[in-house]
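Q: Now for the letters of each chain:
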Amino acid sequence: MFIHNFKYSLLLLLKNKQLIFWTLAFPLIMCVLFNMAFSDVTEKTGKSDPVNIAVINDDDFKSNSIYKDTLKTLGEGDDRVFNIKYVSSDKAKKLLEDDEIAGYLSVNGDDVKVTVNSTGIDETIFCYVIDEIKSDSSVIKDIGESKIEHEIKNGNMNIDYEKIYNDVSRKVLKSDVSIKNNSSDNMSDFVIEYYSLIAMACMYSGILSMTLINYKLANITSVGKRTSISPAKKGGMLLGSLSAAFLVQLFGLLLLYLMMIFYVGVDFGNNLPMIILISILGSISGLTLGIAVAVFFKMGENAKTTALIGIVMAGCFLSGMMGITMKNVIDKSIPILNRINPVAMITDGLYALYYYDSMDRFIINAVSLIIFSAVMLIISWRGLRRQRYDSI
Amino acid sequence: MTVFSAFLKVIKKNIVMIIIYTGIVIIFAGLNMQTDNTNGKFVSEKPSVLVINNDKGSEISNNFEKYLEDNCEIAEISGDEAISDALFYREICCVITIPKNFGRDTLNGKSPAPEIRSTGEGDAAFTKILMSRYIRVLNVYADDISDEKELIKSVNEAVSEKAEVEMTTKLNISSLAKASTYFNFAAYSLMSCILFIICLVLSSFNNLMIRKRTIVSSKNYKKYNFDLFMSSLTYVLAVCFFFAVLGYIMIGDTLLTVRGAMYILNMFIFSVTTLALAYFLSTFLLPKNAITGLVNVITLGSSFLCGVFVPIDFLGEGIKAIAHIFPTYWYIQNSEIITTAENLGAELPSLVSNSLILIGFTILFVICGIFVSGKKRKIA
Numbered sequence: 001m002f003i004h005n006f007k008y009s010l011l012l013l014l015k016n017k018q019l020i021f022w023t024l025a026f027p028l029i030m031c032v033l034f035n036m037a038f039s040d041v042t043e044k045t046g047k048s049d050p051v052n053i054a055v056i057n058d059d060d061f062k063s064n065s066i067y068k069d070t071l072k073t074l075g076e077g078d079d080r081v082f083n084i085k086y087v088s089s090d091k092a093k094k095l096l097e098d099d100e101i102a103g104y105l106s107v108n109g110d111d112v113k114v115t116v117n118s119t120g121i122d123e124t125i126f127c128y129v130i131d132e133i134k135s136d137s138s139v140i141k142d143i144g145e146s147k148i149e150h151e152i153k154n155g156n157m158n159i160d161y162e163k164i165y166n167d168v169s170r171k172v173l174k175s176d177v178s179i180k181n182n183s184s185d186n187m188s189d190f191v192i193e194y195y196s197l198i199a200m201a202c203m204y205s206g207i208l209s210m211t212l213i214n215y216k217l218a219n220i221t222s223v224g225k226r227t228s229i230s231p232a233k234k235g236g237m238l239l240g241s242l243s244a245a246f247l248v249q250l251f252g253l254l255l256l257y258l259m260m261i262f263y264v265g266v267d268f269g270n271n272l273p274m275i276i277l278i279s280i281l282g283s284i285s286g287l288t289l290g291i292a293v294a295v296f297f298k299m300g301e302n303a304k305t306t307a308l309i310g311i312v313m314a315g316c317f318l319s320g321m322m323g324i325t326m327k328n329v330i331d332k333s334i335p336i337l338n339r340i341n342p343v344a345m346i347t348d349g350l351y352a353l354y355y356y357d358s359m360d361r362f363i364i365n366a367v368s369l370i371i372f373s374a375v376m377l378i379i380s381w382r383g384l385r386r387q388r389y390d391s392i
Numbered sequence: 001m002t003v004f005s006a007f008l009k010v011i012k013k014n015i016v017m018i019i020i021y022t023g024i025v026i027i028f029a030g031l032n033m034q035t036d037n038t039n040g041k042f043v044s045e046k047p048s049v050l051v052i053n054n055d056k057g058s059e060i061s062n063n064f065e066k067y068l069e070d071n072c073e074i075a076e077i078s079g080d081e082a083i084s085d086a087l088f089y090r091e092i093c094c095v096i097t098i099p100k101n102f103g104r105d106t107l108n109g110k111s112p113a114p115e116i117r118s119t120g121e122g123d124a125a126f127t128k129i130l131m132s133r134y135i136r137v138l139n140v141y142a143d144d145i146s147d148e149k150e151l152i153k154s155v156n157e158a159v160s161e162k163a164e165v166e167m168t169t170k171l172n173i174s175s176l177a178k179a180s181t182y183f184n185f186a187a188y189s190l191m192s193c194i195l196f197i198i199c200l201v202l203s204s205f206n207n208l209m210i211r212k213r214t215i216v217s218s219k220n221y222k223k224y225n226f227d228l229f230m231s232s233l234t235y236v237l238a239v240c241f242f243f244a245v246l247g248y249i250m251i252g253d254t255l256l257t258v259r260g261a262m263y264i265l266n267m268f269i270f271s272v273t274t275l276a277l278a279y280f281l282s283t284f285l286l287p288k289n290a291i292t293g294l295v296n297v298i299t300l301g302s303s304f305l306c307g308v309f310v311p312i313d314f315l316g317e318g319i320k321a322i323a324h325i326f327p328t329y330w331y332i333q334n335s336e337i338i339t340t341a342e343n344l345g346a347e348l349p350s351l352v353s354n355s356l357i358l359i360g361f362t363i364l365f366v367i368c369g370i371f372v373s374g375k376k377r378k379i380a
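For the record, the sequence lines run as chains F and U.
This note's numbering numbers the first residue of the first sequence as 1 and each following residue consecutively.
This note's numbering numbers the first residue of the second sequence as 1 and each following residue consecutively.
Here are some of the chain F residues that sit facing chain U, going by a computed Cβ distance under 7 angstroms:
hint : residue
1    : Val116
2    : Asn181
3    : Thr325
Cβ pair distances, simulated, as ranges:
hint : chain 1 : residue 1 : chain 2 : residue 2 : range
4    : U       : Phe371    : F       : Val32     : 22 to 32 angstroms
5    : U       : Gly345    : F       : Asp167    : 52 to 62 angstroms
6    : U       : Glu347    : F       : Ile276    : 47 to 57 angstroms
Bear in mind the hints are in silico, worked out from the structure with no lab data behind them.
Keep in mind that this is a model prediction, so the values were computed, not measured.
Don't be surprised by glycine CBs; every beta carbon is placed ideally from N, CA and C.
Whole structure, please, built from the sequences with the hints as guidance.
A: Listed below in structure tokens is the structure:
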């Protein structure tokens with residue numbers, strides 16, 4: 001009976017275009033869309049690009065060596081802070097108007113003015129760097145004056161003012177600042193989008209199981225009526241059908257993983273067996289969710305599909321598919337929501353493998369998925385057992 | 001009225017779907033609107049950081065911590081895992097650790113290095129600039145000043161030097177940014193609500209058996225089509241009105257200005273285009289489940305490629321070129337112009353041309369719909 005059911009369930013699933021779309025085609029389409037949308041985003045947010053600025057290149061600026069030299073240094077090399085345009089006042093205004101620069105600098109004696117059009121991070125960096133040059137200038141003046149005072153106190157009347165200021169300037173401007181960098185290499189938050197896509201694909205296996213369970217329900221299909229009154233063991237039949245659904249689901253996931261690894265280049269970390277494990281557990285959760293929806297939603301087949309897709313999409317939203325920060329916000333503010341959301345469990349499990357060295361968090365997610373599947377199965381089993389019809 | 005009643009029945013059946021999509025826009029927009037008003041005055045963007053001071057006993061270290069507090073948003077997060085998560089999800093851009101004996105080593109001229117764990121992005125680079133500024137001044141003064149209090153005083157004086165900043169824009173940027181976030185994301189929810197319901201309703205009415213019954217019934221054909229059109233338009237108007245009211249609740253008085261009216265007008269034009277698209281799709285007489293799939297692909301696809309989920313500036317040039325074929329792109333373009341234009345009058349030609357393109361899409365979808373339905377009728 002198991003083999004018989006397995007074979008015909010497999011044929012039934014593979015011949016259903018709608019099911020093939022949701023389990024095989026839809027995740028692949030989404031993967032292509034993600035790749036198109038995010039390939040440039042990761043490049044643009046993954047590194048800090050130089051800020052485009054302009055400097056009004058008048059006599060005041062040319063005669064102010066601290067600003068001139070410092071900005072020249074900041075605008076050179078591959079790791080430069082600024083892309084600087086030295087222009088006239090009118091040209092600077094025009095560049096700002098056309099949004100080609102974050103702002104421009106004008107120097108008037110000791111006074112400096114920064115003109116910006118907005119309050120973004122580029123404008124803030126520009127203002128702070130100018131503040132920094134201003135404070136360097138003040139430090140040079142302060143230390144220079146105290147050194148001159150010291151020389152006078154020591155009775156030295158042949159003071160070389162220029163040498164003192166040059167020495168102090170060199171000391172201030174060339175002094176190295178050491179900051180120890182302990183940052184991780186695995187910081188690409190866009191992987192969450194792809195992880196939630198895998199989670200979505202896992203949960204869409206629910207459509208497969210739901211379709212097959214509908215064939216076992218007497219109040220939904222004629223096949224269900226015949227199956228209900230047949231003497232065949234329901235457990236064996238169900239197991240055969242679900243195994244077929246599981247096989248189709250694994251095939252869909254395999255395609256998705258191949259696409260993500262070889263076409264998109266998503267980083268899944270180095271723990272392949274655990275990735276396979278969480279995908280299998282996720283798929284089982286999807287299958288059991290589909291069974292529960294089939295059993296408990298007293299509505300037509302189409303309405304059930306719509307409801308299941310709605311539940312999965314809402315789960316995807318909460319786990320970060322339509323905005324990466326969403327998952328963290330939910331984890332912090334309403335943690336219970338993602339504790340019962342299987343999409344978030346799968347996403348978080350893959351995230352734990354990618355980001356953390358320890359396996360603790362992964363194990364919590366894996367166990368949560370097992371508990372979710374068990375709960376879905378138990379309540380579905382109780383629901384299936386109680387079904388008695390006086391008349392259909 | 002019969003047509004309208006049937007329309008309401010389909011809406012009632014799918015109310016859960018509408019609630020889900022509306023809930024998504026409320027949550028998403030609500031989370032992205034927690035910024036302050038700036039009203040044309042330059043306010044530095046403060047990076048969010050977490051500071052771990054392992055040298056609490058030293059005044060130099062405490063002063064460094066205070067400097068960071070003055071220039072950054074300091075997050076209060078405890079626990080290694082929570083800190084790591086906050087860093088990964090960009091809740092903070094850096095974790096700065098002031099090492100033990102930082103103050104004493106500074107006074108001894110050892111130039112101790114604080115530690116940083118960062119995302120490596122723009123705001124993290126900015127935080128590094130902030131730190132470098134303070135530490136350089138501190139190390140330079142520490143060579144000449146041995147008294148802790150005097151050293152702190154000199155450093156504080158130097159780092160408090162500020163250049164004059166002039167901001168040219170007179171727009172209330174943060175308030176308009178909220179409106180832009182809301183209306184950009186509304187494109188996804190609006191499109192889902194309209195496409196899903198209208199496609200389902202029109203497909204039900206286009207069902208061959210129902211169509212045959214309608215044709216042989218006494219109901220005037222023109223009146224039937226008019227009822228169907230009016231019902232659809234009423235639904236679209238109701239959805240638009242609902243999203244406008246929701247927008248007012250979430251954004252506030254900005255929606256009562258000229259810019260607010262333009263956001264709503266833009267949304268209405270986009271909704272009518274979506275209605276035309278729904279009409280076109282429904283002429284293919286697809287089964288209901290196929291409609292669900294198609295609507296998901298169209299709404300998610302156009303949202304990802306046109307700047308609804310990801311800011312349009314972040315998308316590559318190739319993707320932006322492809323996005324031109326979606327009405328959503330022109331809707332987002334108008335939304336961006338309304339948000340950023342200093343002088344709306346000067347940008348009116350761009351706004352009108354983008355709206356005309358949306359109207360062009362509407363006409364195209366209607367013509368294609370008439371063509372396809374004509375073909376289908378002949379086949380039937």
